[in-house]
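Spelled out from the first residue to the last, the chains are:
There are 2 protein chains.
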Amino acid sequence: MACARFISLKTSGMVRAFSTLMSPPSKAVFYDNHGPPDTVTKIIELPPVEIKANDVCVKMLASPINPSDINRIEGVYPVRPPLPAVGGYEGVGEVHSVGEAVQGLSPGDLVMASPPSPGAWQTHVVRDKSFWHKFDRRTPVEYAATVTINPLTALRMVEDFVDLKSGDAIVQNGATSMVGQCVIQLAKLRGIHTINIIRDRSGSDEAKEKLTKLGADQVYTESQLNVKNVKSLLDNVPEPALGLNCVGGNAASLVLKFLRQGGTMVTYGGMSKKPITVSTSSFIFKELSLKGFWLQKWISSGNTEASREMVDYLLGLIREGKLKYDIELTPFSEFHAALDKALGKHGSQPKQVIKF
Amino acid sequence: MACARFISLKTSGMVRAFSTLMSPPSKAVFYDNHGPPDTVTKIIELPPVEIKANDVCVKMLASPINPSDINRIEGVYPVRPPLPAVGGYEGVGEVHSVGEAVQGLSPGDLVMASPPSPGAWQTHVVRDKSFWHKFDRRTPVEYAATVTINPLTALRMVEDFVDLKSGDAIVQNGATSMVGQCVIQLAKLRGIHTINIIRDRSGSDEAKEKLTKLGADQVYTESQLNVKNVKSLLDNVPEPALGLNCVGGNAASLVLKFLRQGGTMVTYGGMSKKPITVSTSSFIFKELSLKGFWLQKWISSGNTEASREMVDYLLGLIREGKLKYDIELTPFSEFHAALDKALGKHGSQPKQVIKF
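Those protein sequences? They're chains D and E, same order as listed.
Residues 1 to 356 in the UniProt record's numbering are what the first sequence spells out, letter by letter.
Residues 1 to 356 in the UniProt record's numbering are what the second sequence spells out, letter by letter.
It is worth saying that the hints were derived from the structure and are not from the lab.
Any given hint could be a false lead.
It does not matter which identical chain is meant; a pair holds if it fits inside one copy or across any two.
[Said to hold, decoys possible] Here are the computed lysine-lysine pairs in the DSSO-like style, where the Cα-Cα straight-line distance is at most 30 Å:
1) Lys210 <-> Lys52
2) Lys341 <-> Lys59
3) Lys231 <-> Lys297
4) Lys291 <-> Lys188
5) Lys297 <-> Lys228
6) Lys297 <-> Lys165
7) Lys273 <-> Lys291
8) Lys231 <-> Lys274
9) Lys257 <-> Lys273
10) Lys231 <-> Lys341
11) Lys208 <-> Lys27
12) Lys257 <-> Lys274
13) Lys59 <-> Lys273
14) Lys274 <-> Lys228
15) Lys297 <-> Lys208
16) Lys297 <-> Lys322
17) Lys27 <-> Lys52
18) Lys188 <-> Lys322
19) Lys231 <-> Lys273
20) Lys297 <-> Lys257
21) Lys231 <-> Lys59
22) Lys52 <-> Lys324
23) Lys274 <-> Lys129
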């Protein structure tokens, strides 16, 4: 195999000569300090690593730049890898070589990192075979590379907090985000209406049109909701029982205003960096519940296998054309251009996915 | 019976002469406009009312002035009786006379309004027999008059939101309130620690001492918690899984700071009239849940019988000396002096209870 190398290693002060299966060197997005991602990251070449008996070496094919990747590099994400680190958290690749004890995975198989874990932004990754989840090769690779975090977050939030039935409704802010787009489509598949809140910005009409095509029942900019009673806008859509918040500040207050008596708002992001403010009567008399969702914690609470089944379900929807979202593929050599887009330097952009 | 009257009524244009059981006239705290309770309320005499076959006429003995009574008169409480109205919401009395079909209740029995309902501040109340809950006459009347709202709220909040075990902890603000005093004692009975937050004010040392005597593990004024990490104060008390908030604003933020990973804060009041502000990361990474509790809604959701059983349990604790709280009895003739105290015109005061 191309990445098997015969080398000599100096171990415990003793020179030993033996044959060891090694990975190719790996080009990686590396950082050894927290700070602005566009300044602290650089592309370096990491030396080959040993492929042990149960390891699988994967040549990475694609990996997205998610907001949480940026927060980890900035150092503001509460759980992050120790420094120095390689960026990225989810991605897919092709099996390059396998350790001698590995069964069920062979060179050429397509696999994804499962659960999502640090170090996806590099050309070659060596991990235990249990870390890799083989997926149907008919799946577009850019979707497989992005399915384990945002679409899965959308699915869990639609399913886990409120027992929604066909005809019920969800209200969400940040509706143009990848999670937002998935929520619209996953809800639609179950006959659940969505009320969608987006930022005021140039291009908001196009954004509304796009979300409507995905199945959104209603789309409002924040300023359109500056009315006395937002519920008067609902028309035939019922008051939503579930609200999803990834923005905070005023956009979270708007979600709360739409919620019906006894409704639940789930916070999964804070793009505005503003806190959530809630009146006392929202809790006592409107009986609202506020919770949070963190996919990483959910998966690590014994749900790795469950998450793989759900990912396969989502990939099935993707192959059937029932779940789609905006993606822009960028070659690894132009990583920093993609990073600038993900950092919002050029306004609203599709999800940036690195192609190795 | 003293309140049986023979009168003639003109009904449906037809003059009929017959005997009807009537209540005595009732002196009542009456208001026909919302506004400041000390200006819009007046004591008037209401005419006798008919005691129908299933009715019970009760001579009221005692009724408290609760914050929600004040808010109903002010018109800021979302659910309130139509105007004109008689104030008050809970209380006890002695059966004065019963309708011909009433069994199980006799003159002289002690009963309480159950569920709590509008119109307790008057000398005589006529309601269907199902409305009255007979209680053990060995109970001090001022406790029976105050048990159905605040102590029951404390009990439900300690029991219903988090599965607490002996050795666990609760953090609460507004700890000197009647609910607060009950939470301390009900928790203590189950081996649950309490961390208590009170306002900065003159007399805070006495308040601390009093709460400690009731069983509080820790008592802090808000300013004492102006430290970097409030959890460093916990010593041997574990991080609390349940927080109770009846204040809002900074006092609610302090409760949130004490809560452990995955903890729940229940809001049941908003004495500061300030909203609750929560960071995004409190929801996502600290996995906090925020909910509300409203006793009236809980009882009306099919829990009238359950609430009576719990009230009996609480009255038992009271008779055994295991549950006590500050009460000041005031004769009905001095209602407006008691109201001024309840309105906070003379600083912090014990719960004001009207004695009829």
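The hints, checked one at a time:
no. : hint              : in the structure
1   : Lys210 <-> Lys52  : neither (48 Å within a copy, 66 Å between copies)
2   : Lys341 <-> Lys59  : within (25 Å within a copy, 76 Å between copies)
3   : Lys231 <-> Lys297 : between (34 Å within a copy, 23 Å between copies)
4   : Lys291 <-> Lys188 : both (23 Å within a copy, 29 Å between copies)
5   : Lys297 <-> Lys228 : between (38 Å within a copy, 26 Å between copies)
6   : Lys297 <-> Lys165 : both (27 Å within a copy, 24 Å between copies)
7   : Lys273 <-> Lys291 : both (17 Å within a copy, 23 Å between copies)
8   : Lys231 <-> Lys274 : both (24 Å within a copy, 24 Å between copies)
9   : Lys257 <-> Lys273 : both (20 Å within a copy, 19 Å between copies)
10  : Lys231 <-> Lys341 : neither (36 Å within a copy, 41 Å between copies)
11  : Lys208 <-> Lys27  : neither (40 Å within a copy, 63 Å between copies)
12  : Lys257 <-> Lys274 : both (17 Å within a copy, 18 Å between copies)
13  : Lys59 <-> Lys273  : neither (36 Å within a copy, 59 Å between copies)
14  : Lys274 <-> Lys228 : both (23 Å within a copy, 21 Å between copies)
15  : Lys297 <-> Lys208 : neither (33 Å within a copy, 39 Å between copies)
16  : Lys297 <-> Lys322 : within (28 Å within a copy, 42 Å between copies)
17  : Lys27 <-> Lys52   : within (21 Å within a copy, 89 Å between copies)
18  : Lys188 <-> Lys322 : within (10 Å within a copy, 56 Å between copies)
19  : Lys231 <-> Lys273 : both (26 Å within a copy, 25 Å between copies)
20  : Lys297 <-> Lys257 : both (29 Å within a copy, 21 Å between copies)
21  : Lys231 <-> Lys59  : neither (51 Å within a copy, 46 Å between copies)
22  : Lys52 <-> Lys324  : neither (38 Å within a copy, 68 Å between copies)
23  : Lys274 <-> Lys129 : neither (41 Å within a copy, 54 Å between copies)
Of the numbered hints given earlier, the model fails hints 1, 10, 11, 13, 15, 21, 22, 23; all others are met.
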